[in-house]
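**Q** One-letter residues, chain by chain:
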Amino acid sequence: MKKGRINFWVVCISFFAGALISYLFMQFEFLEVDPTVNVTESILSIITLIIGLYIAVALKKRQDKNQNLYNHLQSKLNLCWESFLSFSNQIEILDQIPITEINKQMKIADQKISPLKKIFLSFELDAKYVNDIEANIDNLEHQLINKSKISNNVVDYSIIKGSIISSIDKINESFANAFKNLNDII
Amino acid sequence: MEPTIIGLSIKIVRRPVSQTKSFVMIEIKISNDFTKTPGARYYTDGPNSGEEFYDKLLKAKYLEAIGKGVKLTVDLDGTDGYASSFLNEAFSRLGNEFGAEEVNRNLIIISNEVPKYIKKVKDSIYEKREN
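Going down the list, the sequences are from chains W and C.
If you're matching positions, the first sequence starts at 1 in my numbering and goes up one per residue.
If you're matching positions, the second sequence starts at 1001 in my numbering and goes up one per residue.
Derived from the structure by calculation, the hints contain no laboratory data.
It is possible that part of the hints are untrue.
Stated by the list, open to error - Reference excerpt, derived from the structure (chain C facing chain W, CB under 10 angstroms, subset only): (1) 1034; (2) 1037; (3) 1039; (4) 1045; (5) 1047; (6) 1048; (7) 1067; (8) 1075; (9) 1082; (10) 1096; (11) 1098; (12) 1100; (13) 1104; (14) 1126; (15) 1129.
Note that CB positions come from ideal geometry on N, CA and C, so glycine has one too.
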């Protein structure tokens, strides 16, 4: 309550000080101060000041809103990438992986990407980069499941490891692009 | 003036079982009825494959549902996830054996955890297989 009242007075005093200073500057001619008050100019300067304040507040609000959205999307994207990196490291090190592990990781990836996509769509942002990530992850799953040898539910992808690694690189590239372009999108 | 007497009779009629069948559904919850960890496409790939799911459960339940004139609900939630080949094998077999349009009409797919699976199932139903 007290803090609100102090803020009110600070704003009022600043406002009138600003109006007075701008008025004085308008009256300043060849280092001589005109003691008469020009009502029209005074009103104009006050209106200009109010419009200026309004624009500044509106811009600040917009900037804060965009910054919050940017931070939110960045953290979601980061979580998604971190989760994928731990899975891709596992694939890069090994030559075989249980199919249940692939299914599980793909499910986790989808559950992380889907909400992200929904946020992009609800804020009418261009979801191209998120779609790219999703498509590349689907492609990796397709290669692991349909192009590898499967026996006893263990996927042996040693023969196509080169193309698996390049698919992983592509996914990492699409994550990087999404991060890079997040600034431009918002 | 004499009061008028109005008689009211209520007859309770029980609806025949045959008329209530549209409210009953046959359901498969894969995590309970088949496995929590689905496998790949064929029997040769390992246990819990799409082929096995079709042969042992999906086909039988579909025929049961058709026989009773009700829809078959397949609930995909609760598992560790599905390989695209698992879903493709099971549902493309169903679509090819019983007709894609008919299967689509008689099948309800539930996938709240990964809604993308629903599209994969629908696409598989309409996929033409080479015999």
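**Q** Any hints from earlier that this structure breaks? Give me their numbers in increasing order, please.
**A** Hints 1, 7, 8, 10, 11, 12, 13, 14, 15 are the ones this structure does not satisfy, whereas the remaining hints hold.
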